[in-house]
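J.: Produce the complete structure using the sequences and hints provided.
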Amino acid sequence: MAVRVRKNIWTLQPLTAAPGTPWDPTVEWYARAVRAMQARPIKSPTSWKYQAAIHEYENGTAPNTEPLNTLPSSTERARFWTQCQHNSWFFLPWHRIYLAYFEQIVAATVAGLGGPGDWALPYWNYSDLSKPQTRSLPPAFFLAKLPDGSPNPLLVPGRRPGANTGQIIANATHVDLSVCLADPEFTGQPGGNPGFGGPKTAFNHGGGFPFGKVEGTPHGSMHVRVGGFMGAFNSAGLDPLFWLHHCNIDRLWEVWRKISPTHKDPVDAAWLSQSFEFHDANGVVVAQMPSQFQSIKTAPLPYDYDDVSSPIAAPVGPAAAPIAAAAGVTVSSQKIPEMVGATSAPVVLSGRPATVQIAVDTPVGPAAAAAGVALAPATNPDAQLYLNIENVTGSGEAESYQVYVNVPSGDDPHTHPELFAGLLPMFGLKEASRAGGNHPGDGLHYSLGIGHIARHLQAQGRWDPADLRLTFVPDVTTEEPAIAAGNVALAPAQPIRVGRVSLYVA
Amino acid sequence: VSATPASAFSAASWTGRGRLIAWRHPEWWSLALSAGAAAALVVAHTRVFSDASIAASAGHHASSPAPPSIATAATIALAQWLLMVVAMMVPLAAGAIRTTAARSLWRRRHRAIAAFLAGYLAPWAIAGIVVSIGVTLWMPSNSRAIATTTAVALAIAALWQTSPTKRRALMACHGTRPLAPAGWIAVRDGLRYGASIGGHCLTSCWALMLTCAILGHHPAVMTAAAAIGAAERMTPRADARTTSTTLAGLAMISLVVALA
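Protein sequence lines correspond, in order, to chains A and B. Everything in the first sequence is counted per our numbering, starting at 1 for the first residue and increasing by one. Everything in the second sequence is counted per our numbering, starting at 1 for the first residue and increasing by one.
In case anyone wonders, no lab produced these hints; they're calculated from the structure. Computed from a predicted structure; not experimentally measured. Any given hint could turn out to be false.
Said to hold, decoys possible - Label pairs and their in silico Cβ distance ranges:
(1) A/Lys-43 / B/Ala-151: 33 to 41 Å
(2) A/Lys-43 / B/Thr-165: 22 to 30 Å
(3) A/Ser-291 / B/Thr-75: 48 to 56 Å
(4) A/Glu-277 / B/Thr-75: 33 to 41 Å
(5) A/Thr-298 / B/Thr-165: 44 to 52 Å
(6) B/Gly-134 / A/Thr-355: 51 to 59 Å
(7) A/Leu-272 / B/Ala-231: 41 to 49 Å
(8) A/Thr-70 / B/Thr-165: 21 to 29 Å
(9) B/Ala-94 / A/Ala-62: 31 to 39 Å
(10) A/Ser-150 / B/Met-252: 57 to 65 Å
(11) B/Ala-125 / A/Gly-436: 33 to 41 Å
(12) A/Arg-79 / B/Asn-142: 40 to 48 Å
Where is the CB? At the ideal position from N, CA and C, for every residue including glycine.
T.: As structure tokens, this is what we get:
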């Protein structure tokens, strides 16, 4: 089988759309195929709506309001719909296989329409910091018409203000790769390092797990920055840009693996052999496992990327495993995170900065050796501190929040990038907060490494574990000219409830 | 790193290995309780069975003991119910127990687990009182009526598997709650979290457990019910019809075994 080559959309088309600029055939054929798939009934596994429902379909909740008699049977829906894997080590492999069959369906549709036989899904690389315009939507996704004058099916109304006029919708933080790509661990741990790929979970879980680093930024952050359908689990796949976004996330997995020989996928059978079911381009049921898609060039649906070079230097230092090594045991290469402090009451975020304080206890368990870490982090560079932001719930489409640590009283947090702990992307907040058949309703969970901030503060003589403060700042970027100019009003901030903030040492 | 407590263990020693496993699996003693409860139920069942066969083979017709009072019988039924809940349901809550420990200060994580378990068992105990009294007062004694009651219970259980309430409860069993780190509010939060998960588990599994109670906590029936509970817990979005059919099938097999 020929290997499809997925290309950067910015190499296929210019950054900005001058009137009369011809469309790249790959993008134009994508638009035509999307239109053809949108015309298929939702019962058809190769239809646009069916493909989006594989991610999530919440019957009766907008936009999932198709008449019941037009839907596949409940048995089929239970088996193939609402399968998306988040906050899990299955996030990357499940979306990889999902994408591969989607690509096969689009390619077959393109061929059926008389297009090229080697069509491949392009990816949206928004992380080229030398070109801020890459952080705007590719013009093909917001132009009103195709070159033939027909309506453009890639244009989806309701995206973030400015998105559909070609504005830059994200800043460097939203597309940052330096944190996720530098992580030597694929598999994360609840409480501790969330890992590049996410924590070990069962298939379709709940359980309060944080998501892996790449799932947070740039994945979650860019879902929120595009907004509209892209902001929610049960509608994301309806936006044609979703697939280019996930194509980039899938590419970043390849980038991560090539950065260092220590960057390895899980070897656990529970990960390698988890079966996921999809339909192929003929509508036939297929079952695939992560192990079959680890090598993309030899996968059942082989493909490759035009560029998997790393935008960051290879990280130095081994993946530390002090506890297991000291015990002479090879149970896992990872440490055991110990919770050393937490808030006692929830905090409500209402679109304004909010600060909470955490009472930090002395570690007495696995992190006891790192007792000095909480007290003097520079003494143990292996030890890490993780802020956990747990049970974040909300009922509306919410902006993300930035988290800063120990900002001096009265200072603007944005003037202290050295105290920036990370982003809390609110992708999927509504669905994750709603108790129902698809989610337990306990919200979103985050784990942010702040060891570097503790060391920075300690170097300045300002680190005091008895005075650990977090400031939540609404993530409204100043790189949105339309908004900055006051031309477009943002929706009123929806209140968000943070159940607890805790500190772990690992 | 050399001061890491783990280095106090001799390398690769069983103590070190055991300590590390206990650190990673703070739910170990909850599971030990479950194993103990399961063993107690099997022993009780075996003893009743062997007593009956000894009595029958020895032809002791005249000296059979007087039947226990209703209060005693209900208390025994309640004890069996609680043992069954600890044996079958606590392992299904292992993830929540692990989360409770991981979200607690190290020095109080086992206390937090104890609070969780107390909260978890509370709704089950209340349900157990109702079921025990009901089974004691109204349970028929002839085998045909027992089979009929069992068939009704199984039908209700199979139907319940497909209800939206059951589906929501099953998913909610995977939920978490914020836990205060210290003081009485930490105990309160542990109890609340346990009671919340226990309540969802009860909503999800009551019909299965009622069937077990009606069938006299037969080990084969409980094993089948535990298998269904574990399977659906691991795949909470699995098709309810499949689990319903599986339940009906497995329960019918168990019924045959129980009545054999």
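J.: Now tell me, hint by hint, if it's right for this structure.
T.: Each hint tested on the structure:
no.	hint	result
1	A/Lys-43 / B/Ala-151: 33 to 41 Å	37 Å, holds
2	A/Lys-43 / B/Thr-165: 22 to 30 Å	28 Å, holds
3	A/Ser-291 / B/Thr-75: 48 to 56 Å	54 Å, holds
4	A/Glu-277 / B/Thr-75: 33 to 41 Å	49 Å, violated
5	A/Thr-298 / B/Thr-165: 44 to 52 Å	47 Å, holds
6	B/Gly-134 / A/Thr-355: 51 to 59 Å	54 Å, holds
7	A/Leu-272 / B/Ala-231: 41 to 49 Å	21 Å, violated
8	A/Thr-70 / B/Thr-165: 21 to 29 Å	26 Å, holds
9	B/Ala-94 / A/Ala-62: 31 to 39 Å	37 Å, holds
10	A/Ser-150 / B/Met-252: 57 to 65 Å	59 Å, holds
11	B/Ala-125 / A/Gly-436: 33 to 41 Å	28 Å, violated
12	A/Arg-79 / B/Asn-142: 40 to 48 Å	43 Å, holds
Hint violations for this structure: numbers 4, 7, 11, all remaining hints satisfied.
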